[in-house]
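Each chain, written out:
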Amino acid sequence: MQYIKMESKKHVCPSAPLYEGSRLLGIVNENNEVSILTEPMEIDDVFIASASKGKLPEQKFRFTNKCVKSGCKQWTGEQCGVIKRVLENIEQSTIKNELPECNIRSECRWFDQEGISACKVCTSIKYINYIS
Amino acid sequence: MNGVAENPTKSRQLNSIKMSSTKFTLELKGIELPKSTQEEISKALNQTLMHKIGELDLAPESSEAHSNSNSPFYLNKFRIDGGEIAKLLNKDLLSQIEKELKIPKEDNFYIAKNAIH
Ligand code: SF4
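Protein chains in written order, with full-length UniProt numbering: chain A, 1 to 132; chain B, 1 to 117.
In short, the hints are calculated from the structure, not lab data.
This list has only true hints and no planted wrong ones.
To give an idea of the interface, some chain A residues facing chain B are shown, with a C-beta separation under 10 Å as derived from the structure:
hint, residue
1, D44
2, P100
3, S117
4, C119
5, T123
6, K126
Glycine residues also receive a C-beta, built at the ideal position from the N, C-alpha and C atoms.
Kindly produce the complete structure, drawing on both the sequences and the hints.
This is the structure:
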């Protein structure tokens, strides 16, 4: 008899696009790093309206939402390809020693998968979606 | 020294957490407003905060990829797309990046600092 391995824990994506249910996780700062909010902020239509002016919101902010696994192009079938690829390619000098104070860690897909290594590069990661 | 080897890539020990914050406090000393007015003001302040945060655009312009692939380009952050469509505006640049990082064509791209000059 074959058993299908079920993942019981629900994970959140720390770099989700802005869509229904997304919460503000970080703000891209002057150093082109992401300042992570300790507690993700609920956003409303007022925020969405002003964030949608100019650049794409995902160029200026990071959002968190549920990890949609196979609904996401980054899901490899077993894990998130984003953080894996980032850790494989990142230049050592970009890796931080200090971790952001972050309350989604316990349910974060990246942390669950890669441990604190994910947190050490998290603030260097931006979501950019170019739509032609 | 502790003798237990720790796998650095999977470590969950959070020993160095950076804390920073921005605080806004507003207190009107000497007056007491009716509860409904307090709620109204508080709602308006929240809306202003939402609006102002939404307006933030602190990222330096120079961080963006050059749209002209003839010019040298320097990307010092990762380009991430957890969504459905990811296309660089400049197709030449995209193919150069894909070639350089050996990223499958249909896949999205993550570019390490200094990976390409
Ligand atoms: S697979 Fe990765 S990028 Fe996709 S939703 Fe999950 S955590 Fe986010």
